[in-house]
Amino acid sequence: MVLRIDRDAARFRQILRGRIRANLRKYITHSEMIGRKGRNLVSIPVPQLDIPHFRYGRNQGGVGQGEGEVGQPIGRADDEGTGSGKAGDDPGQHVLEVEVSLDELAGMLGEELELPRIEPKGRPSLEEQKTRYNSIRRVGPESLRHFKRTYVEALRRQVSEGSYNAGNPSVVPIRDDRRYRSWETINQPQANAVIVYMMDVSGSMTDDQKNLVRTEAFWIDTWLRTQYEGLERRYIIHDAAAKEVNEETFYHTRESGGTRISSAYEACRELLDRSFPTAEWNIYCFQFSDGDNWGEDNRQALALLKDSLMPRCNLFCYGQVESPYGSGEYLHALEEAFGEEHETLVLSEIAGHEAIYDSIKKFLGKGK
Amino acid sequence: MSRSTLPKQHAFRPLPPELVDAQGQIEAHARNYGLDFYSTIFELVDADQLHAVAACGGFPTRYPHWRWGMEYEQLSKGYSYGLQKIYELVINNDPCYAYLLASNAASDNKLVMAHVYGHCDFFKNNHWFSRTNRKMVDATANHANRVIRYMDRFGVEEVETFIDTCLSIEDLIDIHLPFIKRRDDPERYKFAEPTEDEEPIVAARFPSKQYLDSYVNPPGVLAEEVDRRRRQQLERQKNPPEPMRDVMLFLLENAPLKPWQLDVLSILRSEAYYFAPQAQTKIMNEGWATFWHSTIMTRHGLDAADVVNYADHCAGTLASSPTRLNPYKLGVELFRDIEERWNRGMFGPEYDDCDDLAAKRHWDTGAGRGREKIFEVRRIHNDLTFIDEFLTLDFCRRHKMFSFGYNEDSGYYEIESRKFDDIKRQLLFNLTNVGRPLIRVDDGNYKNRGELFLEHVYTGVELKLAYAHDTLVNLQKLWTRPVHIRTVLDEETTILSFDGREHTTATSEEPVTIQEA
Chain G
1 MVLRIDRDAA
11 RFRQILRGRI
21 RANLRKYITH
31 SEMIGRKGRN
41 LVSIPVPQLD
51 IPHFRYGRNQ
61 GGVGQGEGEV
71 GQPIGRADDE
81 GTGSGKAGDD
91 PGQHVLEVEV
101 SLDELAGMLG
111 EELELPRIEP
121 KGRPSLEEQK
131 TRYNSIRRVG
141 PESLRHFKRT
151 YVEALRRQVS
161 EGSYNAGNPS
171 VVPIRDDRRY
181 RSWETINQPQ
191 ANAVIVYMMD
201 VSGSMTDDQK
211 NLVRTEAFWI
221 DTWLRTQYEG
231 LERRYIIHDA
241 AAKEVNEETF
251 YHTRESGGTR
261 ISSAYEACRE
271 LLDRSFPTAE
281 WNIYCFQFSD
291 GDNWGEDNRQ
301 ALALLKDSLM
311 PRCNLFCYGQ
321 VESPYGSGEY
331 LHALEEAFGE
341 EHETLVLSEI
351 AGHEAIYDSI
361 KKFLGKGK
Chain B
1 MSRSTLPKQH
11 AFRPLPPELV
21 DAQGQIEAHA
31 RNYGLDFYST
41 IFELVDADQL
51 HAVAACGGFP
61 TRYPHWRWGM
71 EYEQLSKGYS
81 YGLQKIYELV
91 INNDPCYAYL
101 LASNAASDNK
111 LVMAHVYGHC
121 DFFKNNHWFS
131 RTNRKMVDAT
141 ANHANRVIRY
151 MDRFGVEEVE
161 TFIDTCLSIE
171 DLIDIHLPFI
181 KRRDDPERYK
191 FAEPTEDEEP
201 IVAARFPSKQ
211 YLDSYVNPPG
221 VLAEEVDRRR
231 RQQLERQKNP
241 PEPMRDVMLF
251 LLENAPLKPW
261 QLDVLSILRS
271 EAYYFAPQAQ
281 TKIMNEGWAT
291 FWHSTIMTRH
301 GLDAADVVNY
311 ADHCAGTLAS
321 SPTRLNPYKL
331 GVELFRDIEE
341 RWNRGMFGPE
351 YDDCDDLAAK
361 RHWDTGAGRG
371 REKIFEVRRI
381 HNDLTFIDEF
391 LTLDFCRRHK
401 MFSFGYNEDS
411 GYYEIESRKF
421 DDIKRQLLFN
431 LTNVGRPLIR
441 VDDGNYKNRG
451 ELFLEHVYTG
461 VELKLAYAHD
471 TLVNLQKLWT
481 RPVHIRTVLD
491 EETTILSFDG
501 REHTTATSEE
511 PVTIQEA
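Quick note, the sequences are listed as chains G and B, same order. Under our numbering, the final residue of the first sequence carries the number 368; numbering is consecutive throughout. Under our numbering, the final residue of the second sequence carries the number 517; numbering is consecutive throughout.
Incorrect hints may appear among the rest.
[What the hints assert, rightly or not] Partial chain B-side listing against chain G, Cβ under 8 angstroms, derived:
hint : residue
1    : Met70
2    : Leu167
3    : Thr298
4    : Thr471
Please keep in mind that the hints were generated in silico from the structure rather than gathered at the bench. Computed from a prediction, not measured in an experiment: that's the story for all the values here. Built from N, CA and C at the ideal position, the CB exists for glycine as well.
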């Protein structure tokens, strides 16, 4: 019987997931609809899942009990107050919140956007040595002695020798009986990844634009997290100068002043040099900007990008958010320099929340 | 029924001996008080099992459907967060099945047993339950089998979607149908041609001389007249002849459904009729059960050690709040009030005509008919007639009742009135048709185009529009031709229509049927 309800519950969850999947585009474009909950769970509001009936509207009233003068308010319309006439019980506004694990969400994202699974860099040198204690030897340090095995050996020897006395079961191991735990070294292909987010925080980037970036970054994180076990994220902000910051600062800083994209590239290069050797890491760079750059800086920026960054990255993505102030020229500069189709460079224009969906598809659709 | 013959799904834990003893005692007390019930089987279950059963409406086997799963998740979540707990669960069946939570203290389970015997007595003796299927446990299992068979054959998705569609109209039944013969049974064996015993249709002629006849009564006009009359006669054979409350039945008989769909629809309809009396007697049923658990427990069932625990839990069930009229509380207080009034003879013209307040307050004719009266009440009434008959001005004052309404401006529910008439009217309105709009089928061949025309019998409260739209969509899926409903919207008679593609709204000249609340 309990099995039966499990089946119904599973069916219910399946339908919910279907609802989520059907509305994924909406969720992606409305960042506020998703509440993070703990490390690996998000709660997602799902549009009503009840069966429509002919029902009375709001103005039906009811009967209650208690103190109070005529005209005194007793509850808001949205409260769960239900008289015998179900006043205030407004199922139309019931919003079911479902908890979905990030993995599952990424799965839906992948399915919906038809994202290819990422092939980690095919370099055999990207290996990690691991030690596993999974065997037994006859020699070894005393600290690794396996007591149980040792005594089993001793018992076996005594039985075969005939010196074992069941009436007085004393087992004394000798040197030969000793057994020691031993390890094996195994090579594991390693798939570490780092995402470097770069963002222009000069005066022309408003909060709206940052929200766009944040939403997009959330989905990129969600997807890449399922593809790599150890995913590191680094954040670089820049105006005329660049610095590495934490996530919180990344989204909430607003600077004024000029824009030199090359400063961010330089900072990124330093960061990669310092902490993420190309041989061991899958590197993803996402740069968000409104496309404004100090004119003379373009040459330097493109050179840095071409010589120092692109050879190291799996993917270098440039997302240009539309801003009322930005000129949007940098995108054209990139197009000119590298052409629209490039192996590691992906360009995308993000005009508004609606465009995030396609932008994600463009960025991650390469499967790199 | 003995334990060994129970179907397999009832294989719960056996009752521990102390609860078997308790059951024996409480059953004996209940019988001594005159309660009369089918044999009652208690099952000891853990919280998870209880939620699973409760999610399926108390039945161990229901047809597969996601909403049981949803119900179950809500119950178990509410329980694990400590927000709610199901105390008692009993099904109207012969024998009655009731579930006890294994983790409850023994005194709690005694309380539940006493409460359950109240319900069982009510199920067996209340007139509104008299037509319910007393073998419903078997029936739901049978329904489940049929639905599963259809799912195997036509696909889970297909059948489930159809069930969802039908559930939209599950409350459009005629709750009085089991007691009233609305129409003659269709005569299966009437083979005679219906036209034979009817007058042949002839056109009226003007008197005329024979040689003038073809001018005074031109044959073409006569033929038209015959035609018109025939059409009129056809129109008179409207389907349904009278507006019909049982929309489910109308669809069963008239909608173009496949055999399996008809069967599923009839399953849902029979379950809807089974559950209807429970919604109709919520206040009375809970009040009656509470009355008996408190009587039995306080007089016989309690050890000194249990008193505080009992009082705590009893108070929890009876708590009321400004926006929630607790059916347990209202019911039990009304039963107590009735018992006292009939014990002291506080009824009849003599009492009603008495103007002396002091005399009324100390009225006592020593009638002593209270017990007898409440047993009579539990046999005859449902919530609507119960409140209509026994809610008194005194009672309203004593229990500080008021009516409330929604204030559009503030967005709050506000206390509207403390006048007895207003309160009673409001309460009766909330109980009429179980608090749901009255909908009936007016015409199954609207505009002679096979469209379905429903009517909302307007009682002063408008329909919730979004829901009405969605319901029309589902109705259209069943009927396949356009569907309409006449209702009132923003104080204007309006016809809402859905033709399978889009919704249309038209104001109507014809006034909607209005019923005074």
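Consistency of the hints with the structure:
1. Met70: holds (5 angstroms)
2. Leu167: This hint holds: Leu167/B lies near chain G, its Cβ roughly 5 angstroms from the closest one there, short of 8 angstroms.
3. Thr298: Because about 23 angstroms separates Thr298/B from the closest Cβ in chain G, which is outside the 8 angstroms limit, the hint is violated.
4. Thr471: holds (5 angstroms)
Going through the hint list in order, the structure does not satisfy hint 3, though it satisfies all others.
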